[in-house]
Amino acid sequence: MQSTRTFTDKVFLVLKGLGMGAANKVPGISGGVVAFVAGFYEEFIYSLQKVNAKAFKLLINGRFKSFYQYINGRFLSLLFLGMIISYFSISKMLDYLIKHYELYVWSVFFGMIVGSIYYISKDFEDWNYKTYTALALGVLLGISISFLDPATENDNLWFVFFCGIISVSGMTLPGFSGSFILILLGNYVLLLVDSVNALFDTFAELIQGDFSFIENDARIRTLKILVVFTLGSVVGLVTFSHVLSYILKHYKSITLATIIGFIVGSLGVVWPWKKTIFKLEADGTHSLDSLGREITANYERYFPELITETYLAIGFIIFGIAIVLALEFYGRITRK
17 MQSTRTFTDK VFLVLKGLGM GAANKVPGIS GGVVAFVAGF YEEFIYSLQK VNAKAFKLLI
77 NGRFKSFYQY INGRFLSLLF LGMIISYFSI SKMLDYLIKH YELYVWSVFF GMIVGSIYYI
137 SKDFEDWNYK TYTALALGVL LGISISFLDP ATENDNLWFV FFCGIISVSG MTLPGFSGSF
197 ILILLGNYVL LLVDSVNALF DTFAELIQGD FSFIENDARI RTLKILVVFT LGSVVGLVTF
257 SHVLSYILKH YKSITLATII GFIVGSLGVV WPWKKTIFKL EADGTHSLDS LGREITANYE
317 RYFPELITET YLAIGFIIFG IAIVLALEFY GRITRK
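Residues in the sequence shown are numbered from 17 upward in steps of one, following my numbering.
Hints in this document: simulated from the structure, not taken from any laboratory. Glycine included, every Cβ here is placed at the ideal spot set by N, Cα and C. Keep in mind that a hint or two might mislead.
Quick list of the computed label-pair ranges, beta carbon to beta carbon [said to hold, decoys possible]:
id	residue 1	residue 2	range
1	S93	T326	42 to 52 angstroms
2	D25	Y112	40 to 50 angstroms
3	K291	H258	40 to 50 angstroms
Construct all of the structure, not just a fragment, from the sequences and the given hints.
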C-alpha cells in the first residue's frame, strides 16, 4: 500500500470515491469496477481486511493514531468522503439524468463496462481450463441475475440488515451490482432513494433549527431503516473484504477470470435499449409503492433502429469506453 500521498493524489482519491459512490447507486454498475480500473482495488480490499480484532483492540485501548495507521485510515477516509459526497450530490444528478436522458445514460454505462472488460482482460494471460470454467460460470451467473424478476418492498429490519450485507457486494465484487440486487430484493427505492432523501431532509431541517421530524413517525421509521441498512453494509463490507483478500491471495487467476465473467454477464443489465415493464394489479393497472410510484417488474430489451437517437447513443457508448481508458491511463502513470 502507498505510504505517502501528494495533495493531488488525495484529491483524485476523493474523486475516485465520488465515482464509486455514484456507481454503487446505479443499477447494473459496480463500484468495484471503478476501483479495479482506477488501480486501487487491491489496496481497498486489503485496507478493509485490517478492520479486524486487532484493530478493535487498538480502538478500545484508546490508541486512535495506531488504529488509524493500522487500517490505512487516510486512504479509507478520503475514499469514503468521496462516496458520502456522491450520495448527496452526484447520485441526485444521476437520478435526474436517468429520468430525462435514460438511453444516453445507460449508453455511457454500457461503454464503461465494455472498457472495463478490456482493461481487466488485456493483461490476463493465465488462461487454462480452470480459468475458462470460472469465466463461463461468471458469465452465466451475471446473465441469470440480470433476468430475475424483482420482489416486492419489505421494510422488516432483519431483511433490511440482510439487504445491507448484500448491496455492499458491488463495492468489493467488480461486475456484481449491489443496487441491481436491491431491485431484485424489492428494496432499491426504500433504501437508496427514500432513506437517503429522508436523511438529507433531516439534516436540512436541523440546520434551520427545525426539530419537528421527531414527531414524524414515518420519518423516524425511515431513518431507523437507514441505520440498520448502514450497519448491514458495514458488516458486509468487512466480511466480504476478508473473504476476498484470502481468495485473491490463494486463487487470484480464478478470481480474476470470474470477475471478468461477472462483468460480461452484467452487460445484459445495462443494455441501453430497453423498455421498463411495470408490475400490474389484477385489474391491469400499474402497481404503486407507498409513495405512489410505479413499481418496476423488469426490462424488455430490444435491438435499436438505425435512427439519429441510436447514433447518439453509440457515441455515448464510445464516450463511456473513453472514460475507462482515461482512468486506466491515469492509474498506469501514477503507479510508475
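Going through the hints against the structure:
1. S93 / T326: 42 to 52 angstroms: holds (44 angstroms)
2. D25 / Y112: 40 to 50 angstroms: For D25 and Y112 the Cβ distance comes to about 31 angstroms; the hint is violated.
3. K291 / H258: 40 to 50 angstroms: Given about 41 angstroms between the Cβ atoms, the range holds.
In this structure, only the earlier hint numbered 2 is contradicted, and the remaining ones agree with it.
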